[in-house]
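Generate the whole structure from the sequences, applying the supplied hints.
Here UniProt numbering is used: position 10 in the sequence shown is 10, and no number is missing along the way.
The set of hints was computed from the structure by calculation and includes no laboratory data.
Please note that the accuracy of each hint is not assured.
[To be verified] Listed below are the simulated DSS-like cross-link pairs for lysine-lysine, each with C-alpha atoms no more than 30 Å apart in a straight line:
#1 K7 <-> K23
#2 K53 <-> K31
#3 K30 <-> K68
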Amino acid sequence: MAREKIKIRKIDNATARQVTFSKRRRGLFKKAQELAILCDAEVGLIIFSSTGKLFQFSSTSMNEIVEKYGLQFKSIQKVDQPSLDLQLDRNDSSKLSKQADELTQQLRKMRGEDIDKLTLEELQNIESTLGTGLSRVLEKKDQKILEQISDLQLRGMKLMEENSRLRKRVTASKILLLTRILSGYTK
Numbered sequence: 001m002a003r004e005k006i007k008i009r010k011i012d013n014a015t016a017r018q019v020t021f022s023k024r025r026r027g028l029f030k031k032a033q034e035l036a037i038l039c040d041a042e043v044g045l046i047i048f049s050s051t052g053k054l055f056q057f058s059s060t061s062m063n064e065i066v067e068k069y070g071l072q073f074k075s076i077q078k079v080d081q082p083s084l085d086l087q088l089d090r091n092d093s094s095k096l097s098k099q100a101d102e103l104t105q106q107l108r109k110m111r112g113e114d115i116d117k118l119t120l121e122e123l124q125n126i127e128s129t130l131g132t133g134l135s136r137v138l139e140k141k142d143q144k145i146l147e148q149i150s151d152l153q154l155r156g157m158k159l160m161e162e163n164s165r166l167r168k169r170v171t172a173s174k175i176l177l178l179t180r181i182l183s184g185y186t187k
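Spelled out as structure tokens, the structure:
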């Protein structure tokens, strides 16, 4: 026997309404759970009965789902407004741009460019900074020169040792040759 299609309208009998609500709520929760499992979807379902009682189902944390919904809802409402990430990127970009400008200006001053409008104190600060930097550069340069001198002296000593060793071999070869020559004459 086929079921009769019911007309969707408010059920007048309070008891019948409550029974239908309970059955349909369970069915709806079951469908929500199936949707979450089968489709790996985040499902959140909130229902208030006619008496004001709360029923809820969530596949994950209801708070997370509500927060996600709130963020989505706000972003849909603010289509014309840039997103928070974009605003943060613009903020970071403007800060970095400002820092780059300041550093470029500082570099120009250190090079002696754009210093006409500087006060005496600013010029003295630059001179002090450059003086400190120059001393460090000179110290590093002296250190590198001393290292090169040391390396060259070491190479020179090795060459002198090699030269001495070769001279000894040449002298030994000459003595051997002379000995052979002389022994050839004595026979």
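Hint check:
no. : hint        : result
1   : K7 <-> K23  : 17 Å, holds
2   : K53 <-> K31 : 21 Å, holds
3   : K30 <-> K68 : 23 Å, holds
Violated hints are absent here; each numbered hint is respected by the structure.
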